[in-house]
Amino acid sequence: MVTIYNRTPISRRELLRRGTAAGALLVVSGSAVLSTQEAWGMETTALKPETMATLIQMARDVYPHDQVPDKYYAIAVKAHEDGAGKDPAHKELIETGIADLDQRAGPGGYLGLGWEEQRVKLLQAIEETPFFQAVRGGLVVGLYNQKEVWPIFGYEGESYSKGGYIARGFDDIEWL
Amino acid sequence: MAAPYELTDDGVVVIIGSGAGGGTLGNELAQKGIDVVILEAGPRIEYEDFINDEWDSFSQLAWLDKRTTSGGWRVSKDFPNLPAWIVKAVGGTTTHWAGASLRFQEHEFKTLTNYGKVDGANLLDWPITLADLEPYYAKAEDKMGVTRTTGIEGLPGNNNFKILKAGADKLGYKECHTGNMAINSADRDDRMGCQQTGFCFQGCKWGAKWSTLYTEIPKGEATGKLEVRPQSTAIKIEHDDSGKVTGVTYADKDGKLQTQKARVVCVACNSIESPRLLLNSASSKYPDGMANSSGQVGKNYMRHTTGSVYAIFDKPVHFWRGTTMAGIIRDEARHDPSRGFVGGYELETLALGLPFMAAFLNPGGWGRGFTTALDHYDRMAGMWIVGEDMPQEQNRVTLHKDEKDAHGMPIPDVAFTDHPNDTAMRDHAYRQGMALYDAVGATRTFPTPPYPSTHNLGTNRMSEKAADGVVNKHGQTHDIKNLFVSDGSQFTTGAAENPTLTIVTLAIRQADYIAEQMGAKNI
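Heads up: the protein sequence lines correspond to chains P and Y, in order.
3 is the number of the first residue of the first sequence in my numbering; add one for each residue after it.
18 is the number of the first residue of the second sequence in my numbering; add one for each residue after it.
Simulated from the structure, these hints should not be mistaken for laboratory data.
Remember, it's a predicted structure, so these values are computed and weren't measured experimentally.
Where a beta carbon is used, it is the ideal one built from N, C-alpha and C, also for glycine.
Heads up, a few of these hints could be off.
[Stated by the list, open to error] Rough simulated footprint, nothing fancy, chain Y against chain P, three-plus residues with beta-carbon under 8 Å:
hint: 1; segment: 39–48
hint: 2; segment: 65–74
hint: 3; segment: 84–96
hint: 4; segment: 166–177
[What the hints assert, rightly or not] 30 Å max Cα-Cα, derived DSS-like pairs, lysine-lysine:
hint: 5; chain 1: P; residue 1: K149; chain 2: Y; residue 2: K332
hint: 6; chain 1: P; residue 1: K80; chain 2: Y; residue 2: K83
hint: 7; chain 1: Y; residue 1: K49; chain 2: Y; residue 2: K538
hint: 8; chain 1: Y; residue 1: K302; chain 2: Y; residue 2: K278
hint: 9; chain 1: Y; residue 1: K49; chain 2: P; residue 2: K93
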């Protein structure tokens, strides 16, 4: 049994006919979330894989960077899977939070809303809730402290081992 | 050779804290042949072990013991348990500081006289003048190797500075340069020159930036007259029936309580922990806390009027490369009430790495308004505002009513609310900063709110009269003659300048006084 989540509920046959050209797709298979375009998947044991797929989309909607692949958002929210495994209260917080978002979204759920603006509107309505703040707060470190993400933003990270920038462009600005 | 002292040795000067105040005072006294024990709450981490990574370094160095916040400041909402970004390690916040070393201006020692009475502010003149401090400022600058003093060359300007300078020129500012920095521009004092590595806030892995960790402390230890005891958390200052202090009870590295006897005690734990310790040392003789007959212990908490302005340009800047605080504009530091506020402010370049930019650019912010700023991270320039804030009695450090730390000591609460003068100054600085970057072609600017405080000041303030403050002009408490305050908490008012140079200056001066008073058997 393979459950495929897309922006709008469509038949599996239709999806296969279209291929994945319409955009990045997260596929839920058994207990895993798989990316059809990027070569990665994530097993979940505490959270429902559907919940994780929605959480990844929510993470991108909270801190949207179009040049950052889904994989890094998935890594950024993985702490909630780990947290849910250790703490039933955390599991409850995330599962109910996502269920609430799906309900607010109507038929098709959160992932069924095609436009970021539509999803953001829902998020704005819940931004003071502990659920939203837990997800957003976790992302600040979870997303932006991934060393693999830094080069996407041009940030060079550690420099001591390279002797600093004294001979590597600390004053190389030319356009002034 | 570090000198170990017995707990029962009642001839030692015990200094609590090893930062700019405590570390300097300890060395100065040891150089005079006085026996010193420094109790430091944090561990000893040598500079080669510092980490070029913002969050990892934060975990390594920051003071993370729980504190609470109250009042109207935004830090209280965004970082309710992190009022201050300071360090718990040998060397204190001199491991983290940026290095800016500016003398106070003459008028800033007499704010009540020069600004007049400001509604809601608790202004007071310092009992000392710039002239009193000038010879000690010169000693401090030499000790710390401050650029553009003592014949030391300035640092070269990085990309962030070049943008600041170009904007300063366009706005007609006259005093803009790469600062007076306690960062070696060339090898000096057995320490190497700046390698433009960035990560000044994470501890300088070259030792190019002055810190008591690798200057004052080893120099003091080399005399055989200074022992630094890390992981020793002061709990209570003890006194005898006459009221004189006799020692300090502290929790050692295993959490066991010990009492170190003392001839003199100097409190230098930064402006949150210093009043906390005095308040926690209440006894039947001192029911309101130690040295608190004025009721001013913990009050008048100041943190400088701060904020940042970041800007995005259409071409790369790479502002994280090189010295974090790479340049300064001093034109707005003057007192000129025609701007709509008293006192003045400095503008100093600042850069954050991507992880801290995400945390501090607009705490709580999300969505594309926020993320499109970070999308252009490599095209950002930035500056920090540091200006004089108004002392107010209700801005204060108190002991928490219910919550206690692992040693059973009430945790501190830090209450702060901006004075209207602070807000007017910050708004002015935001406008100037944004105009400066606009003048160089910025496509978007960000007036960024204050971070958790690094400049914590004023909670044991210096006063001529015992009724107005906690310590006299030598940092000696008005109430107890062998008890001193040796950190920024003794500042009567905050001035516009970064405080470390003045803390070091006061410590050098205080060492002379303590030695003289000990010699005369007055203490």
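Cross-check of the supplied hints:
{"no.": "1", "hint": "39–48", "result": "violated (count 0)"}
{"no.": "2", "hint": "65–74", "result": "holds (count 4)"}
{"no.": "3", "hint": "84–96", "result": "violated (count 0)"}
{"no.": "4", "hint": "166–177", "result": "holds (count 10)"}
{"no.": "5", "hint": "P:K149 to Y:K332", "result": "holds, 24 Å"}
{"no.": "6", "hint": "P:K80 to Y:K83", "result": "holds, 27 Å"}
{"no.": "7", "hint": "Y:K49 to Y:K538", "result": "holds, 16 Å"}
{"no.": "8", "hint": "Y:K302 to Y:K278", "result": "holds, 19 Å"}
{"no.": "9", "hint": "Y:K49 to P:K93", "result": "violated, 62 Å"}
The structure fails hints 1, 3 and 9 (numbered hints given earlier, in ascending order).
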